[in-house]
Amino acid sequence: MEPQSGPLSAQEQVVIYEARQILLRHLNQNPVLSSWQAVLDYCALTIRGEVERFHVLYLDRKNRLVSDECLAIGTVDHVPVYPREVLRRALALNATALIVVHNHPTGDPEPSASDIAMTREIQKGCKLMGLALHDHIIVGIGREVSLRGRGEI
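Residue numbers for the sequence shown follow full-length UniProt numbering, so the first one is 1 and each next one is one higher.
Check before you lean on any hint, since a few could be wrong.
Pairwise CB distance ranges, derived in the manner of DEER restraints [claimed, not checked]:
| # | residue 1 | residue 2 | range |
| --- | --- | --- | --- |
| 1 | Q11 | R84 | 32 to 42 Å |
| 2 | T75 | R120 | 22 to 32 Å |
| 3 | M129 | S9 | 35 to 45 Å |
| 4 | A132 | P7 | 34 to 44 Å |
Keep in mind the hints are simulated off the structure, nothing from the lab. Idealized CB from N, CA, C, for every residue including glycine.
Based on the provided sequences and hints, a complete structural model is requested.
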């Protein structure tokens, strides 16, 4: 299946919304993100869009999803991220692990230097607070990139 570029039609947006609702119902019944593919599928369906969005998946000690929180919404090519807010929310939720996720609306999920630097700042904070940073996933069109998989964290 070839990735589509350009804005989504109204019908496509409705289909995506309905798919997200089905996925969220499934996660509420089966909240363990038990496989890497399950995590990628979840991210691909929930964290796409025409502007950059920065989400954090907060997990408990059994890697059950405690909360998926959109911490920032940006523009077509930038989203402001504050590591202290990521960590503050993790502590408030009693999370023990997290997965950072954001999208690249242009469709190319390759990380920028600032993506990598921000991830390392969050990783430092997690280490100090006793939290596990499992990954930073960048969602593009038809493809996701894992910074852990690339050896960046």
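Comparing the hints with the structure gives:
1. Q11 <-> R84: 32 to 42 Å: 41 Å, holds
2. T75 <-> R120: 22 to 32 Å: Check passed, 23 Å falls within 22 to 32 Å.
3. M129 <-> S9: 35 to 45 Å: 44 Å, holds
4. A132 <-> P7: 34 to 44 Å: 37 Å, holds
The structure agrees with every numbered hint stated previously.
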